[in-house]
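> One-letter residues, chain by chain:
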Amino acid sequence: MSENKIELLNEAVATGEVDDTVRLTREALDSGIAAMDIIKEAIEPAMKDIGERFGNGEAFLPELILAGDAASGSMDLLIDKLVSEGGESVLKGTVVLGVMYGDHHDIGKNLVKALLSANGFKVLDLGINITAKQFIEDAKKANADIIACSALLTTSLPFQRELIELLGAMGIRENYYVIVGGGPVTAQWAQDIKADGYGFTGADCVNLCKKLVDSGEKPSKIETIVEGALT
Amino acid sequence: MKKPGAGWRLACRFIPEGDITVFVPPESLTATQRLQLEGKAAETGADPVVVPVEIRPDYNRSGAGLPDDVLLRESLASAGIVVKKFQYPVLKELSGTLRQEEKVRLVVRQGDVTGVLHPGEALLGVAIDAGTTKLAGYLLDMETGEILARKAAMNPQIAYGEDVVNRIAHCAQHKDGRSRLRSVLLEKVNTMVQEMCGERGLSSGKIMEAVIVGNTVVHHLLCGFPVKQLGLSPYIPSVGEALDVAAAEFGLDISTGGRLYFPENIAGYIGGDHTAMLLATEQERSNGVVLALDIGTNTEVTLSAGGRTLSCACASGPAFEGAHIHYGMRASEGAIEGVMIGNGKVLISTIEDKPAVGLCGSGILDAVAELRKADIIDTRGCFVNSAAETVGEGMEKSFVLVPRNGSGSGRDITVCRRDINEIQLAKAAIRSGIDILLRKMDMKAEVLDRVIIAGAFGSYLNIKSAIRIGMLPRLTAEKFHQIGNAAGTGAMQMLLSSGKREAAGKIAKNIEFIELNSEPGFRDIFMQNMYI
Numbered sequence: 001m002s003e004n005k006i007e008l009l010n011e012a013v014a015t016g017e018v019d020d021t022v023r024l025t026r027e028a029l030d031s032g033i034a035a036m037d038i039i040k041e042a043i044e045p046a047m048k049d050i051g052e053r054f055g056n057g058e059a060f061l062p063e064l065i066l067a068g069d070a071a072s073g074s075m076d077l078l079i080d081k082l083v084s085e086g087g088e089s090v091l092k093g094t095v096v097l098g099v100m101y102g103d104h105h106d107i108g109k110n111l112v113k114a115l116l117s118a119n120g121f122k123v124l125d126l127g128i129n130i131t132a133k134q135f136i137e138d139a140k141k142a143n144a145d146i147i148a149c150s151a152l153l154t155t156s157l158p159f160q161r162e163l164i165e166l167l168g169a170m171g172i173r174e175n176y177y178v179i180v181g182g183g184p185v186t187a188q189w190a191q192d193i194k195a196d197g198y199g200f201t202g203a204d205c206v207n208l209c210k211k212l213v214d215s216g217e218k219p220s221k222i223e224t225i226v227e228g229a230l231t
Numbered sequence: 001m002k003k004p005g006a007g008w009r010l011a012c013r014f015i016p017e018g019d020i021t022v023f024v025p026p027e028s029l030t031a032t033q034r035l036q037l038e039g040k041a042a043e044t045g046a047d048p049v050v051v052p053v054e055i056r057p058d059y060n061r062s063g064a065g066l067p068d069d070v071l072l073r074e075s076l077a078s079a080g081i082v083v084k085k086f087q088y089p090v091l092k093e094l095s096g097t098l099r100q101e102e103k104v105r106l107v108v109r110q111g112d113v114t115g116v117l118h119p120g121e122a123l124l125g126v127a128i129d130a131g132t133t134k135l136a137g138y139l140l141d142m143e144t145g146e147i148l149a150r151k152a153a154m155n156p157q158i159a160y161g162e163d164v165v166n167r168i169a170h171c172a173q174h175k176d177g178r179s180r181l182r183s184v185l186l187e188k189v190n191t192m193v194q195e196m197c198g199e200r201g202l203s204s205g206k207i208m209e210a211v212i213v214g215n216t217v218v219h220h221l222l223c224g225f226p227v228k229q230l231g232l233s234p235y236i237p238s239v240g241e242a243l244d245v246a247a248a249e250f251g252l253d254i255s256t257g258g259r260l261y262f263p264e265n266i267a268g269y270i271g272g273d274h275t276a277m278l279l280a281t282e283q284e285r286s287n288g289v290v291l292a293l294d295i296g297t298n299t300e301v302t303l304s305a306g307g308r309t310l311s312c313a314c315a316s317g318p319a320f321e322g323a324h325i326h327y328g329m330r331a332s333e334g335a336i337e338g339v340m341i342g343n344g345k346v347l348i349s350t351i352e353d354k355p356a357v358g359l360c361g362s363g364i365l366d367a368v369a370e371l372r373k374a375d376i377i378d379t380r381g382c383f384v385n386s387a388a389e390t391v392g393e394g395m396e397k398s399f400v401l402v403p404r405n406g407s408g409s410g411r412d413i414t415v416c417r418r419d420i421n422e423i424q425l426a427k428a429a430i431r432s433g434i435d436i437l438l439r440k441m442d443m444k445a446e447v448l449d450r451v452i453i454a455g456a457f458g459s460y461l462n463i464k465s466a467i468r469i470g471m472l473p474r475l476t477a478e479k480f481h482q483i484g485n486a487a488g489t490g491a492m493q494m495l496l497s498s499g500k501r502e503a504a505g506k507i508a509k510n511i512e513f514i515e516l517n518s519e520p521g522f523r524d525i526f527m528q529n530m531y532i
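Note that the protein sequences, when read in sequence, are chains A and B. Mapping of the first sequence onto my numbering: residues 1 to 231, in sequence order. Mapping of the second sequence onto my numbering: residues 1 to 532, in sequence order.
Worth flagging that the hints you see were computed from the coordinates, not collected in a lab. Since the structure is predicted, the reported quantities are computational estimates derived from the model, not experimental observations. Glycine residues also receive a C-beta, built at the ideal position from the N, C-alpha and C atoms. Please note that a few of the clues may not be correct.
Claimed, not checked - As a list, the in silico DSBU-like pairs of lysine-lysine whose alpha-carbon atoms are at most 30 Å apart:
id, chain 1, residue 1, chain 2, residue 2
1, A, 133, B, 228
2, B, 228, A, 194
3, A, 194, B, 373
Claimed, not checked - Here are some of the chain B residues that sit facing chain A, going by a computed Cβ distance under 8 Å:
id, residue
4, 110
5, 169
6, 233
7, 373
8, 376
9, 450
Could you put the whole structure together from the sequences, leaning on the hints where they help?
Here it is, written out as structure tokens:
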């Protein structure tokens, strides 16, 4: 029975059925399936699969986005359950995520949110057009591990640098990992501004975040980790 | 490129590891491109901006010791013409010309004398449409409205940024960015003016009036205005009013007394070129429900109905200019401009009928439409397994349009999954703009009486293909009107007529600008429109 629920849930995420996903998630939780199992067996594999199929040209952007929406809907419920059961330590880490100041393109950011939560991160989504100062304030409030900043407009790139410099000026650079991504963002740019990491795709961002929280190194003390850049 | 072969790599993906020498085949520079110059000649009206006045000074009065300018003013007054000012540059030439001939041809602009010509000398004007990618220039006889010469060129600012956002970013990153972007474009405009004059054996010193139209970013860069704020939401222009400046002060090499006019900008990404296009199509848009599009890297869409005019800017990107497409190229010889697929055969047509070397905008649009029609790709743009022979894997999975033994480059000309995706993104942007404007007016596409399509790409695109892929609404053929370079036509109208300048101002004022990204549900509409 429970396998069936997992299968159905996997299917619902893969096909981007947001309402069904939320309903099935509730049913699965109510029937006693552990939140972690739901994530590992239904949500994570579904997102991985659609991500791969997108990378292959077998699925296209709207499908990826809808799957992300569905996964997000499910993860909101699952993360709450996880935290209420086992406290925040079950989560891999807390990420404060947003689109840089001057920019309002959030499709990529929303995908990253879905993927990160599906992979056990608590994500605080700040939205679009976020100043460096706001990123930092919210990171402080949330006691974040990672500040993730995306930009699709070339003109917003300089503010990513500003974010890192501001952390330095405030003497708190070592408190948060700062990662960057988005269309015009390159591994080179991430290295130039001394970000802790760069991810090319959403899936790369997940790997990046896992590596950072597992690294045991302080932010800004390691070389910029580059995940999935074009060679 | 993952597969090695024949020493070719994609220049946009190739990262040099050391010093390299770049060899640019000369053919790529000289092959003339199909740029757009069809703009129609404008009619002269009852309200010309500049008029020539021939006057034979009343020399009987000169015995009274009157200076030349005073004598002229009095002679003009007796002929019923009241002059406010003789502009400074004119005064330097006045006496010389007077003493050569008995009569003199004064150039009068809104009451001021701004130039002096010899009797019978043509009064010239120039109109420039400065697009993000392409420039179009027109040299006119301001008395007859006749187009004496046309010239097209690439906007040299491309070297500093393919699109306007990248140019703004360049300025942010380089201290001399703004001055450089202004000077390269101004230089090019001056060169175009010289070349047009040269073709007809005319002197640019006789050009008394100029009009330049361009999108807001290009306008600001050319005029030396700050662009930083244009790069940040909500993208506010520094200058929106029309400008009337002294050409000499601006750096435009025409008559020293010449003037330069820029019409109003509408929004951060909708500039005077769109104002000009709307002016040129004013009559056509005044009846019924009319959609007007200027398709380019930045596509402006305007919906006119019941006295209201709504406009938006869509980030269509350079795919229709051939960029970001594997075998994409600009519209020059050898570019595939049309494609038909049927009965297992592929038929193509190329510019100048030369052997195919790549695809231009209209070609890739056709290709996607035909691939869909033949069910080789599905509504998501993905290749249908076993529907046809494809090569490659994943995003590089490709359909061969022209095999190497038939192409002009010795390589297969293909369309890959990634290319199709680029076109989907571009057409979704445009269709979403159209859908949102219609929604704002509470109308459905079916009620459209007319769809006006302006711009170079717009002139050559196959309407059926555009409808098939969902870029344009499904309407009957006669409702579509491909009008060529309407911005150029509007610029010429403003060159000749002060009434037209006023009309353009009213149009700009009346426009309701819609910021697409702020519209609820924009994302969902965009995604829906990605389906083919």
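> Would you mind marking each hint as holding or not holding in the structure?
Here is how each hint holds up against the structure:
no.: 1; hint: A:133 with B:228; in the structure: holds, 20 Å
no.: 2; hint: B:228 with A:194; in the structure: holds, 24 Å
no.: 3; hint: A:194 with B:373; in the structure: violated, 50 Å
no.: 4; hint: 110; in the structure: violated, 40 Å
no.: 5; hint: 169; in the structure: holds, 4 Å
no.: 6; hint: 233; in the structure: holds, 5 Å
no.: 7; hint: 373; in the structure: violated, 19 Å
no.: 8; hint: 376; in the structure: violated, 14 Å
no.: 9; hint: 450; in the structure: violated, 31 Å
Of the hints listed earlier, those the structure fails to meet are numbers 3, 4, 7, 8, 9, in rising order.
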